[in-house]
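A.B. asks: Below are the chains, spelled out letter by letter.
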Amino acid sequence: MTSARKRCANRRNARKCTGPRTAAGKARSARNALRHGLARSARLDLELMRAIATLARAIAGEGASDQRRKCADRIAAAHVEVMRVRRAKRDLYMEGREWDDFSKRLVKLDRYERRALSRRKFAMRRLDAAPTAAGDAWLKNFGKTKPRSLARSRRPHRRITRCARGRANWPRGWLRRRVPRWRVLLAERNQASATAGLITRRQTDHKRGPPDLAA
Amino acid sequence: MNTVTNELAMSRATGVLGPALLIAGESGDAYDDLLARIRAAVAPADMLEEIWVRDVADLAWEVTRLRRIKANLMQACAHEGLTAALRSLEVRNYSFIASRWLAGDTAAVQTVNAALAAAGLTIDSVTALTVSERLDEVERIEKMMTAAEERRDGMLRELEMRRTQLAAKLKLALNEAGAPVASPQPNA
Numbered sequence: 001m002t003s004a005r006k007r008c009a010n011r012r013n014a015r016k017c018t019g020p021r022t023a024a025g026k027a028r029s030a031r032n033a034l035r036h037g038l039a040r041s042a043r044l045d046l047e048l049m050r051a052i053a054t055l056a057r058a059i060a061g062e063g064a065s066d067q068r069r070k071c072a073d074r075i076a077a078a079h080v081e082v083m084r085v086r087r088a089k090r091d092l093y094m095e096g097r098e099w100d101d102f103s104k105r106l107v108k109l110d111r112y113e114r115r116a117l118s119r120r121k122f123a124m125r126r127l128d129a130a131p132t133a134a135g136d137a138w139l140k141n142f143g144k145t146k147p148r149s150l151a152r153s154r155r156p157h158r159r160i161t162r163c164a165r166g167r168a169n170w171p172r173g174w175l176r177r178r179v180p181r182w183r184v185l186l187a188e189r190n191q192a193s194a195t196a197g198l199i200t201r202r203q204t205d206h207k208r209g210p211p212d213l214a215a
Numbered sequence: 001m002n003t004v005t006n007e008l009a010m011s012r013a014t015g016v017l018g019p020a021l022l023i024a025g026e027s028g029d030a031y032d033d034l035l036a037r038i039r040a041a042v043a044p045a046d047m048l049e050e051i052w053v054r055d056v057a058d059l060a061w062e063v064t065r066l067r068r069i070k071a072n073l074m075q076a077c078a079h080e081g082l083t084a085a086l087r088s089l090e091v092r093n094y095s096f097i098a099s100r101w102l103a104g105d106t107a108a109v110q111t112v113n114a115a116l117a118a119a120g121l122t123i124d125s126v127t128a129l130t131v132s133e134r135l136d137e138v139e140r141i142e143k144m145m146t147a148a149e150e151r152r153d154g155m156l157r158e159l160e161m162r163r164t165q166l167a168a169k170l171k172l173a174l175n176e177a178g179a180p181v182a183s184p185q186p187n188a
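Protein sequences, first through last, are from chains A and B.
Read in our numbering, the first sequence has 62 at position 62, and its numbers run on one by one without any break.
Read in our numbering, the second sequence has 18 at position 18, and its numbers run on one by one without any break.
Just so you know, these hints were derived from the structure itself, not from any lab.
None of the values given here were measured: they were computed from a predicted structure.
Among these hints, one or two may not hold up.
[Said to hold, decoys possible] Only some residues are given here: those of chain A computed to face chain B with a beta carbon under 8 Å:
{"#": "1", "residue": "Leu55"}
{"#": "2", "residue": "Leu117"}
{"#": "3", "residue": "Arg119"}
Heads up, the beta-carbon is just placed ideally off N, CA and C, and yes, glycines get one too.
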């Protein structure tokens, strides 16, 4: 265990040396831990960001939905990472290191490539599963009872029946008056009675006039 | 016409995906030829397939490169195996003879051949000793070759799966639309 005296001496010495002081020294020491920079995201590099954006546009195509564009962006980012690793491998080949060091470094770089490829694979699957622009409209309307514009209708009595879940294009008959269940039952009973000729006075006299007593 | 279209698509894909990553001593024309052949076989339909095609070409190229590197390793380190062989055969100045043999010195080559023949060994024994001396490096390179081949096969599988799914979706859509879908006839 370090003695108290030694600890004090260490602290005293540490105060004397406070690391790089000049801007150049600080810039150099900031890169001490940098080996190949592959652990850093490609999105932090402006040039790589441009490459990602170009590739994402090419993947998504014109007029793609938001979800597809996001997926395409993920694919592009992963692909740029893959290419970055391959470039680092190429540089390693060109450096001409000792066989032992070379092969060890190559295996380490391979790990980054594997991860980026895995990310890209799953992003591609997500893109294939993502709906197109029409499908996005489907998702937008999923579970809604009526379009937003009509939800603010000034005619609250025109209650709208719940539409089929997730239907993208509202069918013609969606705007129909909601009828309480008891009224439906009553109408059915009246209909049945009318068919059988047993119409009650209370329900029909205002329409049909006085009942035929002879009958 | 079709060739022109293919070339245009290829140049477009190369523009977006970037140039080939070749090292010194590799031929750009050979790489382009490989890529063109794979493209012609796969006929990529969209950008995702372009990426896969490019990857398959890159990985096939990498496997070839690693094979070449392995062969170079064996060649460059052959003197280490020879040193071990001559040492076990108790040849005098074995280290010097091995280095001269590597440089192609005629006298050294004759000495080595005579020593190996006297012990009933061949140059294959030297290769085997070289592998044992550099086993770690050879193993790493082999591992990377296997990984590259697996990735290449995985990409081809993904491509196949995607096309199968697309075909199934198209068939379903045609069925829903009421269009007749002709099933392939045997011996037609």
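A.B. asks: Does leucine 55 of chain A pass the interface hint, meaning its C-beta sits closer than 8 Å to a C-beta of chain B?
C.D. replies: Holds, because the Cβ-Cβ distance from leucine 55 of chain A to chain B comes to roughly 6 Å (cut-off 8 Å).
A.B. asks: Using Cβ atoms only, decide whether arginine 119 of chain A comes closer than 8 Å to chain B, and label the hint accordingly.
C.D. replies: At about 13 Å, which exceeds the 8 Å cut-off, the nearest Cβ of chain B leaves the hint on arginine 119 of chain A violated.
A.B. asks: Going by Cβ atoms only, is leucine 117 of chain A closer than 8 Å to chain B?
C.D. replies: 6 Å, holds
Hint check: a violation occurs at hint 3 only; the rest are consistent with the structure.
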